[in-house]
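Number of protein chains: 2
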Amino acid sequence: MTEYRSENPFGVRPDGTEPFSAQAGATSSPPHATGTLESGLLLEAFDAQLFREQSETVVARLEKHLADFSIRGLDLTDPAILVDAARALMTTEREQIAAYDENRLAAIVDLYIKTGIQVHSPGYMGRQFSGVVPLSGVIDFVSSVVNQPSSFYEAAQLPNVAEKIMAEELNAFIGWDPGSFAMVTTSGGSLANLTALLSARNRAFPGYWSEGGSALTGQLRPAIAVGDDVHYSVARAAGVLGIGDAQLVRLPLNERHQICVERARPVLDAAERRGLKVFCLVASAGTTPVGAFDPLDELAGLARERDLWLHVDGAHGASLLVSDELRHKLRGIEKVDSLTWDAHKMMFTPAPCTLLFYRNRENSLGAFRQQASYVFDAEPDIYTALDSGEKNFECTKRPMIMPLWTLWAVHGRALFAQKIEYLCRLAGDVHRILEGEPDFETLHHPEANILCFRYRPPGLRDEDVHDFQVEIRNRIKFEGNFFISKVNVAEVAALRVVMMNHQVTSEHFRMLLGEIRRAGQDLLRRTHHSR
Amino acid sequence: MTEYRSENPFGVRPDGTEPFSAQAGATSSPPHATGTLESGLLLEAFDAQLFREQSETVVARLEKHLADFSIRGLDLTDPAILVDAARALMTTEREQIAAYDENRLAAIVDLYIKTGIQVHSPGYMGRQFSGVVPLSGVIDFVSSVVNQPSSFYEAAQLPNVAEKIMAEELNAFIGWDPGSFAMVTTSGGSLANLTALLSARNRAFPGYWSEGGSALTGQLRPAIAVGDDVHYSVARAAGVLGIGDAQLVRLPLNERHQICVERARPVLDAAERRGLKVFCLVASAGTTPVGAFDPLDELAGLARERDLWLHVDGAHGASLLVSDELRHKLRGIEKVDSLTWDAHKMMFTPAPCTLLFYRNRENSLGAFRQQASYVFDAEPDIYTALDSGEKNFECTKRPMIMPLWTLWAVHGRALFAQKIEYLCRLAGDVHRILEGEPDFETLHHPEANILCFRYRPPGLRDEDVHDFQVEIRNRIKFEGNFFISKVNVAEVAALRVVMMNHQVTSEHFRMLLGEIRRAGQDLLRRTHHSR
Numbered sequence: 001m002t003e004y005r006s007e008n009p010f011g012v013r014p015d016g017t018e019p020f021s022a023q024a025g026a027t028s029s030p031p032h033a034t035g036t037l038e039s040g041l042l043l044e045a046f047d048a049q050l051f052r053e054q055s056e057t058v059v060a061r062l063e064k065h066l067a068d069f070s071i072r073g074l075d076l077t078d079p080a081i082l083v084d085a086a087r088a089l090m091t092t093e094r095e096q097i098a099a100y101d102e103n104r105l106a107a108i109v110d111l112y113i114k115t116g117i118q119v120h121s122p123g124y125m126g127r128q129f130s131g132v133v134p135l136s137g138v139i140d141f142v143s144s145v146v147n148q149p150s151s152f153y154e155a156a157q158l159p160n161v162a163e164k165i166m167a168e169e170l171n172a173f174i175g176w177d178p179g180s181f182a183m184v185t186t187s188g189g190s191l192a193n194l195t196a197l198l199s200a201r202n203r204a205f206p207g208y209w210s211e212g213g214s215a216l217t218g219q220l221r222p223a224i225a226v227g228d229d230v231h232y233s234v235a236r237a238a239g240v241l242g243i244g245d246a247q248l249v250r251l252p253l254n255e256r257h258q259i260c261v262e263r264a265r266p267v268l269d270a271a272e273r274r275g276l277k278v279f280c281l282v283a284s285a286g287t288t289p290v291g292a293f294d295p296l297d298e299l300a301g302l303a304r305e306r307d308l309w310l311h312v313d314g315a316h317g318a319s320l321l322v323s324d325e326l327r328h329k330l331r332g333i334e335k336v337d338s339l340t341w342d343a344h345k346m347m348f349t350p351a352p353c354t355l356l357f358y359r360n361r362e363n364s365l366g367a368f369r370q371q372a373s374y375v376f377d378a379e380p381d382i383y384t385a386l387d388s389g390e391k392n393f394e395c396t397k398r399p400m401i402m403p404l405w406t407l408w409a410v411h412g413r414a415l416f417a418q419k420i421e422y423l424c425r426l427a428g429d430v431h432r433i434l435e436g437e438p439d440f441e442t443l444h445h446p447e448a449n450i451l452c453f454r455y456r457p458p459g460l461r462d463e464d465v466h467d468f469q470v471e472i473r474n475r476i477k478f479e480g481n482f483f484i485s486k487v488n489v490a491e492v493a494a495l496r497v498v499m500m501n502h503q504v505t506s507e508h509f510r511m512l513l514g515e516i517r518r519a520g521q522d523l524l525r526r527t528h529h530s531r
Numbered sequence: 001m002t003e004y005r006s007e008n009p010f011g012v013r014p015d016g017t018e019p020f021s022a023q024a025g026a027t028s029s030p031p032h033a034t035g036t037l038e039s040g041l042l043l044e045a046f047d048a049q050l051f052r053e054q055s056e057t058v059v060a061r062l063e064k065h066l067a068d069f070s071i072r073g074l075d076l077t078d079p080a081i082l083v084d085a086a087r088a089l090m091t092t093e094r095e096q097i098a099a100y101d102e103n104r105l106a107a108i109v110d111l112y113i114k115t116g117i118q119v120h121s122p123g124y125m126g127r128q129f130s131g132v133v134p135l136s137g138v139i140d141f142v143s144s145v146v147n148q149p150s151s152f153y154e155a156a157q158l159p160n161v162a163e164k165i166m167a168e169e170l171n172a173f174i175g176w177d178p179g180s181f182a183m184v185t186t187s188g189g190s191l192a193n194l195t196a197l198l199s200a201r202n203r204a205f206p207g208y209w210s211e212g213g214s215a216l217t218g219q220l221r222p223a224i225a226v227g228d229d230v231h232y233s234v235a236r237a238a239g240v241l242g243i244g245d246a247q248l249v250r251l252p253l254n255e256r257h258q259i260c261v262e263r264a265r266p267v268l269d270a271a272e273r274r275g276l277k278v279f280c281l282v283a284s285a286g287t288t289p290v291g292a293f294d295p296l297d298e299l300a301g302l303a304r305e306r307d308l309w310l311h312v313d314g315a316h317g318a319s320l321l322v323s324d325e326l327r328h329k330l331r332g333i334e335k336v337d338s339l340t341w342d343a344h345k346m347m348f349t350p351a352p353c354t355l356l357f358y359r360n361r362e363n364s365l366g367a368f369r370q371q372a373s374y375v376f377d378a379e380p381d382i383y384t385a386l387d388s389g390e391k392n393f394e395c396t397k398r399p400m401i402m403p404l405w406t407l408w409a410v411h412g413r414a415l416f417a418q419k420i421e422y423l424c425r426l427a428g429d430v431h432r433i434l435e436g437e438p439d440f441e442t443l444h445h446p447e448a449n450i451l452c453f454r455y456r457p458p459g460l461r462d463e464d465v466h467d468f469q470v471e472i473r474n475r476i477k478f479e480g481n482f483f484i485s486k487v488n489v490a491e492v493a494a495l496r497v498v499m500m501n502h503q504v505t506s507e508h509f510r511m512l513l514g515e516i517r518r519a520g521q522d523l524l525r526r527t528h529h530s531r
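Protein chains in written order, with UniProt numbering: chain A, 1 to 531; chain B, 1 to 531.
Check each hint, because a few of them may be wrong.
Identical chains share a label here; the pair holds if one copy fits it or two copies do between them.
Said to hold, decoys possible - Pairs of lysine to aspartate or glutamate, EDC-like flavour, derived with a Cα cap of 20 Å: (1) Lys164 to Asp78; (2) Lys277 to Glu211; (3) Lys335 to Asp307; (4) Lys335 to Asp462; (5) Lys64 to Asp387; (6) Lys164 to Glu102; (7) Lys64 to Glu53; (8) Lys114 to Asp467; (9) Lys64 to Asp47; (10) Lys64 to Glu44; (11) Lys335 to Asp84; (12) Lys164 to Asp84; (13) Lys277 to Glu53; (14) Lys64 to Glu471; (15) Lys114 to Asp78; (16) Lys64 to Asp462; (17) Lys335 to Asp522; (18) Lys277 to Asp228; (19) Lys335 to Glu305; (20) Lys114 to Glu102; (21) Lys64 to Asp464; (22) Lys335 to Glu507.
It is worth saying that the hints were derived from the structure and are not from the lab. No experiment lies behind these values; they were computed from the predicted model shown.
Construct all of the structure, not just a fragment, from the sequences and the given hints.
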């Protein structure tokens, strides 16, 4: 391998035990001499050996945590009690120099670990964040210490190179022309969706960036078409971007909770008659409530026929692309304009790690247009060619690609494909279990690893079904053995499991059903829900 | 301390060495049985003992890195060479199950560390990101593994409590009514500035969120007043929000690079005559190019008199509030409406950790308005009262407060105050050094820890000053002993040092001047810059 270290002409090489030894020459400093800094506190806080001791304290606790496969969900604690517990761990004589105390750190870490949702436990079936692959956390640790902001190549060389490599690796499953697509990382799916919509807005309305929305007087009003189950971040983006969240044109879904292309056309026509100019269509892969995949292939036809930018919010489901078994759910992905892909969901890395793909590189440059001499170079060269600062929202950006690239480098795609395939099979298995239980109602066939259902025991009044599910979900949460979520399906609450943990089996799900039944029966006895 | 663990009624407690032992009951699973998952790859990737070994590999390298006080800047590498080096570290038989190989991880970490800017070295004087306090990286490691998204209390209890505590702790230096201010964390200063401006926009134009900018037909056009040295993220926010970046009203600066309040009034009057409705004034504390602090006290008067929202971009300089010596730079801060504060700059934590403060809590709710049944609860309770999901842009948000709170809990504010005071004194010291060197030009008295200057040796033509500074900066970067930046001051490039590392002394700065002189003299000999 290439040797990257240049020679150090100063030959200043301390023995490694005396942090300030490099300041030896500081005696020639001017008044208020900077060489006279003799802070025991700073010396200690930046001491490398202390860093190792602190790391060992933390690693021992994390190892124990990762080795604990007991079934547990969440220990929900009254915030007031937790505030007191946290305050008790703080240096009380704040103005004094506090000597480092290992017990304090250990207590902080213990409290932190045990008050979180236990995402590595088989009791966790709740949301779309996951127990990370431990190695991805280890690399993220390196990022936290070496602190390389990755919007600019010179500040973070390996992260920028890793982004380029991961873009190529993942595009192999999307199928765009390797010479003309683009990818940037950004801080979460909401920001990726906003960035794509911004680029679409600027393309459709070239004066918008400079002149703003109020300059569009007399023109049709910009609007965005979405599936009715679109993630809230898309409506939020419309509000942020000056489009207006009332200018979302909501397309009806079919019985599989997908955008119904046939019924979409008249809705789009009606929007146009109301004076709206729909410039973008947002599809989901899959939706947040039930994990449905919109029919990208058909929607691409619709988008082409009406000159719409087709953006896919694949925050949750884009990862299915790496599986030979499941890739077909995103059939047509090569025809879309942009794609949001959260690696911190189904690629099992620490959050955030969101990848925003564009079919055409020029579109990736259309979101932001900026000059700032302290970060942007007027004359690009081979080093600035990899900069993403003009394409992503952030100025300082975490090198979020490193955990994903490292997992990919070490394990290849097999790790991801195997885990995703297991989780989706598991959702199918538990769906079959539910179909065999007459007191449970299934609401959809799981397309991925998300499943919604309701507990509807005999005696439950129809008008109480909604509140009953919410109360069961809260009861399960408080009991702390399992963590599940809830969502409205057709405006009535449902219980929701998201299978993110490969240590969950259908046997654990059966235990959950038992707990739901007990909670529900208890609620029926205590309240007036029963007829 | 309170015991938070609830009892586990299932008594499923594996011995901790066999990850899948909790699946013992899985034999009763349905077809495609989920209990039959027997992936060696997954078993290995989630093995707790392997996690410890990987952590030890990484900690040893980071310890060595932190103990190395040699003078070094950046080893700038051709991206093509680095791509090859990174590719060589990847599993080649990607479809096969790769056995974990410690050497591969070690090589990745070595390459990652050595290709970054050496922020913990005295050679680093370059930008506004810092060598983190090692303990903050250690806690960030916990965050990376336990993965608690912090927009919602139930998903991240301690981080939400830590946010509440840090809000109170830091507001003690701002001075707002503890009962009515608010703080949220968000992913970087750019996003915080956008969020504040969004809230200001929504307050001034109540229909904007729903109806969008094109509904403002016939009204005055929204505009934002800024100091001429405002960070590029504010202009970017105007473009994003549908205000239009041409609707920035740039206020002139005085000789100290601060907004000149007297000259601001006629500029605002002229903007009004052009049909602009200025609704917000953005001040800087300090500015990115030179670290100037706008006069907040006077600007608050101007804002009150014209009913403007006064937002302060204190990404860099708000941290000076924790120092008794330096707090006066932000005199008047208690009168502003909102404040962006990057802890990942002058509080020395991993990026991102941005705090956005609002004087009035209601304003913190004005940025976003959203319904989503899978995350937001219709009926708030004591647990959802701490949720920030309605106040910050992100849905999944890193628990970025934990490194800051932990440093504050362990060391108190003394650590921050001492380091910041040292860095600001150092900038003053090196300014005095430059004043004694006739071939260097000083451009401003440093208000904080940022200093811009030019090397102007005899024989340099005036028309070449700009290019000469850029070339020197690049030469220093390539030589790799020091890392500094450049910025345009009055449209002519200047060299810029940002003192972020307390291991830098004025002696190191003298070495840098020597290197600048050598580089400059060499350039003068080789090129046509000299008369």
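Up to 20 Å CA-CA - aspartate 467 versus lysine 114, copy category: Result: close neither inside a copy nor across copies, 30 Å intra and 57 Å inter.
Lysine 64 and aspartate 47: within-copy, between-copy, both or neither at 20 Å Cα: between (26 Å within a copy, 11 Å between copies)
20 Å Cα threshold - placement of aspartate 78 relative to lysine 164: Between. Shortest inter-copy distance 14 Å satisfies the 20 Å Cα cut-off; intra-copy 45 Å does not.
Identical-chain pair category, lysine 335 with aspartate 522, by Cα at 20 Å: neither (52 Å within a copy, 54 Å between copies)
Intra/inter-copy verdict for lysine 277 and glutamate 53 if alpha-carbon distance must be at most 20 Å: Answer is neither: 61 Å inside a copy and 57 Å across each miss the 20 Å cutoff.
Identical-chain pair category, lysine 114 with aspartate 78, by Cα at 20 Å: Close inside one copy (14 Å), not across copies (45 Å); limit 20 Å.
Within, between, both or neither: lysine 64, aspartate 387 at alpha-carbon 20 Å: neither (40 Å within a copy, 29 Å between copies)
Status of aspartate 462 relative to lysine 335 across identical chains (alpha carbons, at most 20 Å): Neither. Shortest intra-copy (44 Å) and inter-copy (54 Å) distances fail the 20 Å Cα cut-off.
Intra- versus inter-copy proximity for glutamate 102 and lysine 164 (alpha-carbon distance at most 20 Å): neither (41 Å within a copy, 24 Å between copies)
Same-copy or cross-copy closeness of lysine 64 to glutamate 471 [CA-CA at most 20 Å]: neither (33 Å within a copy, 53 Å between copies)
Within, between, both or neither, where lysine 277 and glutamate 211 count as close if Cα-Cα is 20 Å or less: Classified as both; 18 Å inside a copy, 14 Å across copies.
Intra- versus inter-subunit Cα pairing at 20 Å for lysine 335 with glutamate 305: within (13 Å within a copy, 54 Å between copies)
Hint check: violations occur at hints 4, 5, 6, 8, 11, 13, 14, 16, 17, 21 and 22; the rest are consistent with the structure.
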